[in-house]
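Please build the complex by placing chains B and C on the supplied structure of chain A, with the hints as guidance.
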Amino acid sequence: MIAFYILAFVLVASAVFVITARKPVYSVVGLLVHFAALAIVYFTLAAEFLAVIQIIVYSGAILMLFLFVIALLSSGVAPFSAGPNRLPNIGVPALAGVVVILGFLIYGVAHVPPARVHVFAASASSSMTGPVGAADVFGSVADFGKALFTTDLLPFEITAFILMVAVVGVILLAGESAPYVQSRRRARIVEREMREAILRAGEE
Amino acid sequence: MPHEALLPVAITNYISLSLVIFAIGVAGVVLRRNPLIMLMSIELTWNAANLLFLAFARAWMNNAGHIFAFLVITVAAAEAAIGLAIVVVVFRAREHVDVDEVALLKG
Amino acid sequence: MGVPGQYPILFVVWLLPLAGAVLCWAFGPRLKRSAGVLGSAAVGASFIAALVAWGLGTQASGSQTGAQQPLFSWLQGFDFGLLLDPLSLIWVFIIVGVGFLIHVYSVGYMWNDAAIARFFAYMNFFVFAMLTLVLSDNFAGLLIGWGLVGLASYFLIGFWFFKPSAVAAARKAFVMNVVGDVGIMFAIFIMIAKAGSVRFADVFANPHALDPWLFWTCVFLFIGAVAKSAQLPLHSWLPDAMEGPTPVSALIHAATMVTAGVYLVARCAPLWTASHDAQTLVGSVGCLTALAGALLGVAQWDIKRILAYSTMSQIGYMIMGVGVGSFSAGVAHFFTHAFFKACLFLGAGIVIHELADEQDIRRMGGMRKRAPVAFWAMGAAVLAIIGFPGFSGYFSKDQVIYGALEHGYVWMWAVALLTAAITAYYMLRLFIVTFWGDYRGEMNPAELGIEGTSSPSAEPDAHHDRAPAWIMAVPVAILGFFAFAAGYVMIGPASPWARFFERSFPRQMLPPATPSEGVTTILAVLMLLVGAAVALRRYATREALANAPARLKRESETLPAILVRLYYWDDLIDVLFVQPSQKLGRFFGQWVDPHFVDGVVREIVLTNRFLGTLVRSFQTGLLRAYALIVVFGAACFAVYYAVEGVLR
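So the sequences go chain by chain: A, B and C.
Numbering-wise, the first sequence is residues 1 to 204 according to my numbering.
Numbering-wise, the second sequence is residues 1 to 107 according to my numbering.
Numbering-wise, the third sequence is residues 1 to 648 according to my numbering.
Hints are computed from structural coordinates only; laboratory data are not their basis.
Hints may contain errors.
[Unchecked claim] Derived contacts from chain B toward chain C, CB cut-off under 8 Å, selection only: (1) V26; (2) V29; (3) V30; (4) V99; (5) D100; (6) A103.
Note that CB positions come from ideal geometry on N, CA and C, so glycine has one too.
With the rest of the complex left out, here is chain A:
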């Protein structure tokens, strides 16, 4: 139980660090810490598979992606921000509002009578607890895999599809010498040459 509170503190602190760090690289490091703490929390929630996925995919892949982009963008000598802050100054009232709303929500959540909660059908063949790594225990890889490839196959396929879309999108967006870009460039050159030819013909 005490673990929860320590982890909660770490999570919140690192989150605040992420949003307030001056350099993006610092934010990335803060986010890394945040994800690690979150993985530990998942472990305490008997979601081992997802804890590992969190580390591998989130901190391993996504954060690396962020680092690459940071590196790409700061390859020039340009500063990271220019121009004044254009958002209207609503700092203090907004903060107050946020605190109030959050407080209200938390209070509301804490006082929901238990009988009002609707419980969905529990998962079938899993026992409640067991050693980490054991099969057919709630949250284990086997249990998760069984559900993923049988009951919830559609979401799995959809995730595959989403990833493919993402890949295609990234290539289209950020890829260099896209055929469209090249053809536009060529068209512009041709247009310019035609215009000059007409002007020359007019002068003669």
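Same frame as chain A, now just chains B and C:
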């Protein structure tokens, strides 16, 4: 709550934690001008939601939460990729990375 | 009132002039001068049709006289139809008969005018409108004709629209006539309210159904008559209407349109006989107008204006006649007046044409050698108008004057006799100064007492191509003949005239008045001779003729200002009505319009602009601002559900 005893602490703690992290993420989106930081703040919000899913999955002994959290991670990854691609493209032409300067929607 | 039935001939009489108008208007540019032939033919054919319809107009069956052709029913109480009875028959004959002669004359008068086709279109339209007025069997149709006639008058007075004075005169005539239209409308309102119908037959069947507003109905109808017939106080449009071409003055402002008031009063005889006060009012107005017009005629130098005032005066006689109850006498005077007044105007037109549009009689003189037909015809007409024994005016005027006495209005009788003297004076003045002596046109205008240069009126084409003389001479001669002879049908109580009207205006059994009719006649002739003597002495003696220029100059300088300024009537109307209306118009145009009307529009624009700016302020293009708005919305949702959950 049938299996709340399985949780280390009461479910309301997880809910509150999730809310706070979510709020911090949202604050990050609104307050920072660097698009990279904004994207990272959005990741925070995704994770807050994940936390909630997994907490309730444990409390109700229901695998669906895990599946959905898996889905969320995947989508978050895809979204981060595309978001970063957009940032790269938009700011390739400019000398800076400031979201406030990209105000072409101004009417 | 008439025998109901289907009478196609009535449509021929009524609509032929309309067809003529439409054809002249539509094919004007191609017809040019032939439009005159077309127009005259249309009216002439209508006249022949009217002759054919004579029998219908006088047919009698039971208590009905004449022919009534129903047209259509519009609303409750508004049944339109045509009525041809002795009264309307007389008017129809004058309109299309004298009208035909005037149309023929106009072919000659307007020979060189570029817009001759438009002229004949308007003239035919006028004839149609006047026929509508007299052939209607109900007040609504009469009012329609009334208005159309006013419109035709506007067109024709302002025919030479490039003359600002003509345009102003047309507008003045129209506006003053509208006052009369409103009067008739009010009368119609009362009739609908009280009698439930506007048909003559229904209203006249029981005049007292209009009580307690019978007197006011008569007054309102009379207001219309006053405006249309140029009686006091709505008379000032008539002299200005002389801006129109002379045939127009002859047809509209002498023979027909201005007599519409007389027709109205005569037609509504049952109403007047039921209201003695109304009769007194009408008679008085007519009598005073006769005197006022005659006095003004004394002080005029424009030949057409003198004739205009004489028209006003003679119509005063007619109004007086029909007002006091001598309907037959009043209509008789209308009949004879149509001939001699038209003759006078057309003859004056010949003189004007001959002298290249000179209208001031001081610059005339000796015209009897240069325009002999005009001289003889106008001579006959002048003798008729002054009531010289043997000529038509003598018979009709006498009846009118005596009629006033018969019905008990001694003062009117006296004033009418006095006016007869003045009439003789100024008409002879006109005749002598124009036709006798030597021609003064080549003298310096200042020597004749004319102020400023008298430039001829701007008739556009002058003297390229003269019309054959007979076109203008023959109608004038015919009218002159009738000016002499028309009275012979009226002699005696059993005359054709009396018998013609016996069913429309039954002879009233009135006690013979004192002085008797014979004495009245002698007095009238005496007054005539007095006036004539004065005129002859002033203008026709050998010495006067020799010194004509000097005498005319002296007279010009010594005329009383009140007469020259036309009793200051126009100035009075200007101060009372024209200037306040102009001020009101200016107030609305310069203050109300920019501030209120434009102000409303401006406010709408400003409001729109403000709202647009307000909404636009949200479109900052700032990503973070949009994100903030989304967050705010989400927070609202969350709070809402939380509240809902907590409350449950």
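Against the structure, the hints:
no.	hint	result
1	V26	5 Å, holds
2	V29	5 Å, holds
3	V30	5 Å, holds
4	V99	5 Å, holds
5	D100	6 Å, holds
6	A103	3 Å, holds
Hint compliance for this structure: no hint is broken.
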